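Asker: Single-letter residue listing:
There are 2 protein chains.
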Amino acid sequence: MIGIDWGTTAFRAYRMDARGGVLDRIDRTAGILGIPPGGFPAALRDAIGPWLAAGESRVLLCGMVGSRQGWVEAPYLPCPAGPAEIAAAVVPLDFAGAACRLVPGLTAQDAGGVPDVMRGEETKLVGLLAGLGAAEALACLPGTHSKWARLAGGRVTGFATQMTGETRAVLLQHSILGRLAEPGPEDDGAFRRGVRRAGEPGGLLHHLFGTRALGLLGGLPAAGTASYLSGLLIGHEIQAVLAEGRPAGPIHLAGSETLARAYALALDEHGLAYRRHPDDIVARGLAQIAETIPWP
Amino acid sequence: MIGIDWGTTAFRAYRMDARGGVLDRIDRTAGILGIPPGGFPAALRDAIGPWLAAGESRVLLCGMVGSRQGWVEAPYLPCPAGPAEIAAAVVPLDFAGAACRLVPGLTAQDAGGVPDVMRGEETKLVGLLAGLGAAEALACLPGTHSKWARLAGGRVTGFATQMTGETRAVLLQHSILGRLAEPGPEDDGAFRRGVRRAGEPGGLLHHLFGTRALGLLGGLPAAGTASYLSGLLIGHEIQAVLAEGRPAGPIHLAGSETLARAYALALDEHGLAYRRHPDDIVARGLAQIAETIPWP
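Protein sequences, first through last, are from chains X and Z. Residues in the first sequence are numbered from 6 upward in steps of one, following this note's numbering. Residues in the second sequence are numbered from 6 upward in steps of one, following this note's numbering.
Derived by calculation from the structure, the hints in this document are not laboratory data. Since we're looking at a predicted model, the values are computed, not measured. Fair warning: there could be bad hints in the mix.
[As the list claims (entries may be wrong)] To give a feel for the contact side, a few chain Z residues facing chain X, derived at Cβ under 8 Å:
| no. | residue |
| --- | --- |
| 1 | Ile181 |
| 2 | Leu185 |
| 3 | Gly207 |
| 4 | His211 |
| 5 | Gly215 |
| 6 | Ala218 |
| 7 | Ala248 |
[Said to hold, decoys possible] Have a look at the derived ranges for each label pair, beta carbon to beta carbon:
| no. | chain 1 | residue 1 | chain 2 | residue 2 | range |
| --- | --- | --- | --- | --- | --- |
| 8 | Z | Pro299 | X | Arg184 | 34 to 40 Å |
| 9 | Z | Asp193 | X | Gln114 | 22 to 28 Å |
| 10 | X | Ala278 | Z | Arg251 | 36 to 42 Å |
We treat Cβ as the ideally placed atom computed from N, Cα and C, and that holds for glycine.
Let the sequences and hints guide you as you build the complete structure.
Answerer: Printed below as a string of structure tokens:
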């Protein structure tokens, strides 16, 4: 089968054997934002044509390709949901030459009754669940919009998104904090200072201005500003999660090398145990869902 | 005398009588960012030349004109500081035809030892102190960088900056939240919802993403997004201030009409008493400081 994670700014395809082993893989920067209206079938064929010619006949897609800006909008599936519910809700896509299915995103509500959504991460969580079984666990998927998900009984029981990565990016690119920052290598010392600062009183909006005051008065090197800001924001993210209870077991962390490393440092700073998983846990999730689908 | 508040993006001058009464006033958009190097004396003469010709000989300036990017950098004065300390620390400016003095900014440290700074707001606080005497009070000066100051014994004893206004602006202009927002009139209902949301668990970074999820799923009208976001951020700002103790008396609020109204709504929502002061309390502060300076 072919499994595809098609996001806003990236396209990643896996060719897998019957047991979910990855035989081959394609990475492209052709995210959904670059696809013209009606252009999804052609873009897909262009990417995986050789695999189809070699006999593959089943394609499962996840990610923002299932959003309003994507190929077809797949309705969000409410939590709790696991591989069975997700497989039962896949959306068929019109594509000549292969059976093509789209994984739905998930939705959840927090204590305040405010909804939350994910697309693509549900498939990574299914990949994690494959290794965790029915145990209760907390998963962290760092990203532009980081997802923290509670897993239990082999299903995703709820989740919360933190807009950490995007907030960092707009502050660095467009606010007074960016004017202070100078390029430099990751500064773990400045990062850890930011994480610790997040535990002090004053609130995030005060801590943000403190980044500027520190820079202005010589308390923070300009080349460490970006790392300090990352630590501050990730620290606030973790504070918010801890406010709802300290997790009993290790936090399951899956993301890009750079982000997973940063989150691991921040969890360390909080004395929280974690287990890192490869970012392409999404391939395992796609294989897991594909197993349950009644293919033609 | 002539009192001037010269900020990053605006210039405001007051001609005042011996008792601090405002006789005339000039508003220009010539903030310090628009002044070429060495151009401050000429820009000042251009603005207040007619008042000098009419006999004025004393000019007192406050605001970002005293910053590194301004005319001359006036060192920050540490808190606690009141009118006497500030008047003793004014910096003389080289300007033909009038005695010209620059008000220093203030600096303070928070519980975590992180510094904070203000320039211009210290003069507004002196204006407030003129009416408050030695009483203990909490002042809120909303703006791009909102200042919350503790006043006691006729001095500013400490303060904290919240980067609320700038965070709102960059999120609306550059993040996914701005793509959801449609222009519309201020929506007090959406604003109050945002303020209440700030009191729920999850943290600011989660509440930000919730704004998107609400918009996506029809829980928030696109024209109300900007007001909801304002309420969310101002609500978090007030939550952070309240975490350090509920103020005993009314909060003294001085800012532009639009901002002061928004903060008043948010304080109402928290059941906090406040007293609004005119934004040009800065003129009163300039007159108060000028009274103590040993002019030539």
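Asker: Now tell me, hint by hint, if it's right for this structure.
Answerer: Hint check results:
1. Ile181: This hint holds: Ile181(Z) lies near chain X, its Cβ roughly 6 Å from the closest one there, short of 8 Å.
2. Leu185: Check failed: Cβ of Leu185(Z) comes no nearer than 12 Å to chain X, outside 8 Å.
3. Gly207: 6 Å, holds
4. His211: With Cβ-Cβ at 5 Å, under 8 Å, it holds.
5. Gly215: 4 Å, holds
6. Ala218: Result: holds, 5 Å to nearest chain X Cβ.
7. Ala248: This hint holds: Ala248(Z) lies near chain X, its Cβ roughly 6 Å from the closest one there, short of 8 Å.
8. Pro299(Z) to Arg184(X): 34 to 40 Å: With Cβ atoms ~38 Å apart, the hint holds.
9. Asp193(Z) to Gln114(X): 22 to 28 Å: At roughly 25 Å between Cβ atoms, Gln114(X) and Asp193(Z) fall inside 22 to 28 Å, so the hint holds.
10. Ala278(X) to Arg251(Z): 36 to 42 Å: 38 Å, holds
Of the hints listed earlier, the one the structure fails to meet is number 2.
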